[in-house]
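Novice: Produce the complete structure using the sequences and hints provided.
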Amino acid sequence: MDDTPIWLVDDGELEEVRGVLQSAGLRVEREPQRAGPGRPVLLGSVARVADRRHQQPDALAIAVVGADERPPRGDFDAWIRRPVHPKALGVLLDALGQEGGERRWAPRVAVGAAVRTWTRHGFRRSSLVALSVGGCRVLSETPVEVGGRMILWLPRLFGWRWPCTAVGRVLRCEPNVWERPAPHSVSLAFTSVSLPARRRLHALLEHHRGALMAPAARARPQAEAKRERRQVERQPFDRRVIAHRADGPAVLVGRDLSVGGLRIEPTSDLDVGSFVQVALHVKPGTTPLVVGARVARDDGEAGLVLQFENLDGRRREYLDKMLEDLPSGGATAGGQILCELAPAGERKP
Numbered sequence: 010m011d012d013t014p015i016w017l018v019d020d021g022e023l024e025e026v027r028g029v030l031q032s033a034g035l036r037v038e039r040e041p042q043r044a045g046p047g048r049p050v051l052l053g054s055v056a057r058v059a060d061r062r063h064q065q066p067d068a069l070a071i072a073v074v075g076a077d078e079r080p081p082r083g084d085f086d087a088w089i090r091r092p093v094h095p096k097a098l099g100v101l102l103d104a105l106g107q108e109g110g111e112r113r114w115a116p117r118v119a120v121g122a123a124v125r126t127w128t129r130h131g132f133r134r135s136s137l138v139a140l141s142v143g144g145c146r147v148l149s150e151t152p153v154e155v156g157g158r159m160i161l162w163l164p165r166l167f168g169w170r171w172p173c174t175a176v177g178r179v180l181r182c183e184p185n186v187w188e189r190p191a192p193h194s195v196s197l198a199f200t201s202v203s204l205p206a207r208r209r210l211h212a213l214l215e216h217h218r219g220a221l222m223a224p225a226a227r228a229r230p231q232a233e234a235k236r237e238r239r240q241v242e243r244q245p246f247d248r249r250v251i252a253h254r255a256d257g258p259a260v261l262v263g264r265d266l267s268v269g270g271l272r273i274e275p276t277s278d279l280d281v282g283s284f285v286q287v288a289l290h291v292k293p294g295t296t297p298l299v300v301g302a303r304v305a306r307d308d309g310e311a312g313l314v315l316q317f318e319n320l321d322g323r324r325r326e327y328l329d330k331m332l333e334d335l336p337s338g339g340a341t342a343g344g345q346i347l348c349e350l351a352p353a354g355e356r357k358p
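Position one of the sequence shown corresponds to residue 10 (this note's numbering), numbered consecutively onward.
Derived from the structure by calculation, the hints contain no laboratory data.
Glycine included, every Cβ here is placed at the ideal spot set by N, Cα and C.
There may be inaccurate statements among the hints.
[Unchecked claim] Now the in silico label distances, taken between C-beta atoms and shown as ranges:
no.	residue 1	residue 2	range
1	Glu38	Asp321	48 to 54 Å
2	Gly157	Ser32	36 to 42 Å
3	Phe132	Val155	17 to 23 Å
4	His130	Arg39	30 to 36 Å
5	Gln31	Gly83	23 to 29 Å
6	Val299	Phe132	41 to 47 Å
7	Gly28	Arg79	49 to 55 Å
8	Arg208	Glu326	43 to 49 Å
9	Gly131	Ser203	19 to 25 Å
10	Thr151	Ala198	51 to 57 Å
Specialist: Structure, rendered in structure tokens:
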């Protein structure tokens, strides 16, 4: 995080939160002393943050609620439960753009196709796993230089009559955690794409922006139609929640949930094709439903779409019941979605 302080606004009841923040190396101030280089961060009780937000409309507002309190109403960017975990708060700030977290503005789709790439070290075979009009992600057998130039030959994908090329700059080259067969994940930002190729990319993205969930039920008997509506309707999950994984807590921002999958807001923790274990909690004290899900689509600002996999009859019935019990009202509903990234031994082919 940059040098921007966190303004702790409360009536003295969050002193332990102040200690947690300071122990995590974050600079905490009771009152704003000066304008920092980044967006101001207000963190504190619901009433005080709401009041201060009117005075600081450009600030990032994070409300702290008790362990048994309902999610707050009002104009908050996020909320977090006590006791506050320093790692969870750090990930939350990162997800909200306070630690240089990358926001993905362009929708992406999963591809899974063999492609040919070129760098200054020559030609190589790669696997294209995600594609957008602004860039792509490929899996490479060998590492590539960050900042270097790469040329990508796109094959005859999705009914294209001829291949096309795109030139880009390497943004990242990281160890590949999720997919095989290549050990290096390379993120590329396009710098030169021909007009015909760009048109085809736009058409491809528009084709995949359709709803992932099943279509609405056609005319059926009343009992069957009622069950069908329950299976395809999406219930709102428009609130930020804390998620836990093997290497520490993560933050997911749920938007809506159906029996087919889950939509979350943009996050740098997941990529198209990533497999995760999702534990769904609708009401406190109930047994969570753990299902496997894969990131099927990245819709940019509209969020990521997770599609449930291997949802057997028993889990499907349990999810149906959870959807029936799910209160409406979005952020006031009080349910939670927890997501645990599957360890390497649980990856699916």
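Novice: Compare the structure with each hint and give your call.
Specialist: Tested hints:
no.	hint	verdict
1	Glu38 <-> Asp321: 48 to 54 Å	holds (52 Å)
2	Gly157 <-> Ser32: 36 to 42 Å	holds (40 Å)
3	Phe132 <-> Val155: 17 to 23 Å	holds (20 Å)
4	His130 <-> Arg39: 30 to 36 Å	violated (55 Å)
5	Gln31 <-> Gly83: 23 to 29 Å	holds (27 Å)
6	Val299 <-> Phe132: 41 to 47 Å	holds (44 Å)
7	Gly28 <-> Arg79: 49 to 55 Å	violated (26 Å)
8	Arg208 <-> Glu326: 43 to 49 Å	holds (45 Å)
9	Gly131 <-> Ser203: 19 to 25 Å	holds (23 Å)
10	Thr151 <-> Ala198: 51 to 57 Å	violated (20 Å)
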